[in-house]
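Trainee: Mapping of the sequence shown onto our numbering: residues 127 to 412, in sequence order.
What the hints contain is simulated information worked out from the structure, not anything from laboratory work. Any given hint might turn out to be false.
As the list claims (entries may be wrong) - Okay, the calculated beta carbon distance ranges per label pair:
{"no.": "1", "residue 1": "G188", "residue 2": "A242", "range": "19 to 29 Å"}
{"no.": "2", "residue 1": "V256", "residue 2": "L387", "range": "12 to 22 Å"}
{"no.": "3", "residue 1": "A242", "residue 2": "A384", "range": "30 to 40 Å"}
{"no.": "4", "residue 1": "L186", "residue 2": "S394", "range": "44 to 54 Å"}
{"no.": "5", "residue 1": "S335", "residue 2": "G388", "range": "46 to 56 Å"}
{"no.": "6", "residue 1": "A303", "residue 2": "S335", "range": "15 to 25 Å"}
{"no.": "7", "residue 1": "L180", "residue 2": "A241", "range": "29 to 39 Å"}
Backbone N, C-alpha and C fix where the C-beta goes; we use that ideal spot for every residue, glycine too.
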Amino acid sequence: MRIRLDAMNIGFFLALASAIAYGASDFLGGVGSRRYSSWQVALVGQCAGALVMLVAGLMLPGSPSATDFVWALLAGAGSATGSISLYRGFARGRMGLVAPTSAVGAAVLTVLAGAAFGEWPGSLVWFGIVAALPGIWLVSRTPSGDRSSNSRLAFVDGAIAGVGFGVLFVALAQVSAGAGLLPLVANQSFGAVLIFMAAAGLRQDWRPSPRVLGWGSASGVLGAVGTLAFMVATQSTGLGIAGVLASLYPAITVLLAALFLGERIAVSQRAGIGICTLAVAAMALG
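Please model the entire structure based on the sequences and the hints provided.
Mentor: See the structure below:
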């Protein structure tokens with residue numbers, strides 16, 4: 127019983143560490159996307175993450191199966207979708223609007239997936255899911271005086287990012303404990319390929335300039351650290367709890383945006399962000 131409790135504590139710590147790494151990664155990627163193409167930042171980030179995972183995977187080999195790689199590729203698709211949508215949303219609107227929307231979407235999806243896999247949530251978790259709905263509505267409202275379509279489009283980007291990150295979390299949780307880190311190389315590499323294909327197909331500027339490398343690489347390395355911490359956390363705490371705790375990443379993103387960018391958010395949106403934060407916390411405590 128003592129060993130199991132320690133493992134749970136480690137899982138909680140790693141899930142929270144994942145949230146910190148993801149939040150810092152999203153902040154750096156978001157700032158870079160405001161200065162350069164979000165496609166460039168996302169592509170560099172995926173490539174940098176793949177390189178980090180390759181080095182770590184060669185040092186810590188495992189015994190991955192074909193199924194592990196299938197789940198890793200699905201996670202890569204979710205990561206690519208989530209990253210480009212999130213960065214595009216950051217470029218269009220405030221980080222304090224986009225990040226919480228993506229977090230609630232990812233949290234709800236992981237909780238529902240965990241229930242489908244047999245991790246049936248308690249009443250507090252279901253309360254958090256229901257409470258998140260009005261929070262999302264408040265966050266999505268365009269502040270008075272800001273009637274451009276950018277805020278609404280940024281919210282849509284945040285919602286799409288939430289689905290992408292939810293798929294990432296669910297798929298990573300299915301990778302076996304003995305697979306090692308090589309499946310994560312496939313995860314990051316496949317995400318990079320998808321971003322390249324989408325950017326080329328949509329005729330977006332995907333060729334990274336030297337000035338993008340710093341922002342994209344820093345974001346990608348932190349994202350890879352978050353992915354690794356999350357995958358290990360799911361092996362101790364389960365998908366639902368780890369996914370919800372990892373979904374706290376907007377707290378870091380919003381805090382960094384307030385500290386370094388001086389972002390201000392409308393009163394209604396602040397209320398929505400507060401409700402979303404409480405909803406995620408309720409799901410975590412449940």
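Trainee: Now, for every hint given, state plainly whether the structure supports it.
Mentor: Here is how each hint holds up against the structure:
no.: 1; hint: G188 / A242: 19 to 29 Å; result: holds, 26 Å
no.: 2; hint: V256 / L387: 12 to 22 Å; result: violated, 32 Å
no.: 3; hint: A242 / A384: 30 to 40 Å; result: holds, 37 Å
no.: 4; hint: L186 / S394: 44 to 54 Å; result: holds, 47 Å
no.: 5; hint: S335 / G388: 46 to 56 Å; result: violated, 27 Å
no.: 6; hint: A303 / S335: 15 to 25 Å; result: violated, 40 Å
no.: 7; hint: L180 / A241: 29 to 39 Å; result: holds, 35 Å
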